[in-house]
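Dock chain B against the given chain L, drawing on the hints supplied.
2 protein chains.
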Amino acid sequence: MTAKGTPSPARLTFGKKLRAIRRAKDMTLEDLSEASGVNWSYISQVESGQRNIAVDNMWRLAQGVGVELKELL
Amino acid sequence: MTAKGTPSPARLTFGKKLRAIRRAKDMTLEDLSEASGVNWSYISQVESGQRNIAVDNMWRLAQGVGVELKELL
Numbered sequence: 001m002t003a004k005g006t007p008s009p010a011r012l013t014f015g016k017k018l019r020a021i022r023r024a025k026d027m028t029l030e031d032l033s034e035a036s037g038v039n040w041s042y043i044s045q046v047e048s049g050q051r052n053i054a055v056d057n058m059w060r061l062a063q064g065v066g067v068e069l070k071e072l073l
Numbered sequence: 001m002t003a004k005g006t007p008s009p010a011r012l013t014f015g016k017k018l019r020a021i022r023r024a025k026d027m028t029l030e031d032l033s034e035a036s037g038v039n040w041s042y043i044s045q046v047e048s049g050q051r052n053i054a055v056d057n058m059w060r061l062a063q064g065v066g067v068e069l070k071e072l073l
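Sequence lines, in order, name chains L and B. The opening residue of the first sequence carries number 1 in full-length UniProt numbering; numbering runs sequentially from there. The opening residue of the second sequence carries number 1 in full-length UniProt numbering; numbering runs sequentially from there.
Next up, chain L with everything else stripped away, as it sits in the complex (with noise of 0.2 Å):
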């Protein structure tokens, strides 16, 4: 089990995936939020693995960049 506090290798290839397709999509965090409902200081967060994101944020932000969401794990 990991420990509290250390982000599981999930959690860091979520944020690294979904910051590649938001920046290739040519999105703002600002369009993130919009297109997702998501407050965009916590999609900045997110990106860089600092938050424990829950299942239906992580779907949210999934349909804001437009992909399934097993393709940001």
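Just so you know, these hints were derived from the structure itself, not from any lab. Be careful, since some hints might not be right.
Copies of the same chain look alike in the list, so a pair counts if it works inside one copy or between any two.
Below are the EDC-like pairs computed for lysine to aspartate or glutamate, each with C-alpha atoms no more than 20 Å apart in a straight line [unchecked claim]:
| hint | residue 1 | residue 2 |
| --- | --- | --- |
| 1 | Lys-70 | Asp-56 |
| 2 | Lys-25 | Glu-71 |
| 3 | Lys-16 | Asp-26 |
| 4 | Lys-16 | Asp-31 |
| 5 | Lys-25 | Glu-68 |
| 6 | Lys-17 | Glu-30 |
| 7 | Lys-17 | Asp-31 |
| 8 | Lys-17 | Asp-56 |
| 9 | Lys-16 | Glu-30 |
| 10 | Lys-17 | Glu-71 |
| 11 | Lys-25 | Asp-56 |
| 12 | Lys-16 | Asp-56 |
Everything numeric in this text was worked out from a predicted model, so none of it was measured.
Chain B only, in chain L's frame:
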């Protein structure tokens, strides 16, 4: 955006696939709890879509049943 309290499709898919794979591997909730470090009653609620589980615990449960997280989405 999904209304607050309405489970996302990803949440429901994760729960259903986790339960199917756990059962296919003849693991009880207690077995998976031991393998993942996640409380068994919490796992039961996740499997039925009642919990908005976070990515680190999703990863632990995928590890616990021996699959990649993306296979549960």
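Tested hints:
no. : hint               : verdict
1   : Lys-70 with Asp-56 : both (13 Å within a copy, 15 Å between copies)
2   : Lys-25 with Glu-71 : within (15 Å within a copy, 25 Å between copies)
3   : Lys-16 with Asp-26 : within (15 Å within a copy, 35 Å between copies)
4   : Lys-16 with Asp-31 : within (18 Å within a copy, 32 Å between copies)
5   : Lys-25 with Glu-68 : within (15 Å within a copy, 27 Å between copies)
6   : Lys-17 with Glu-30 : within (17 Å within a copy, 33 Å between copies)
7   : Lys-17 with Asp-31 : within (17 Å within a copy, 32 Å between copies)
8   : Lys-17 with Asp-56 : both (17 Å within a copy, 16 Å between copies)
9   : Lys-16 with Glu-30 : within (17 Å within a copy, 33 Å between copies)
10  : Lys-17 with Glu-71 : both (8 Å within a copy, 17 Å between copies)
11  : Lys-25 with Asp-56 : neither (22 Å within a copy, 27 Å between copies)
12  : Lys-16 with Asp-56 : both (18 Å within a copy, 15 Å between copies)
In summary, the one numbered hint that this structure violates is 11.
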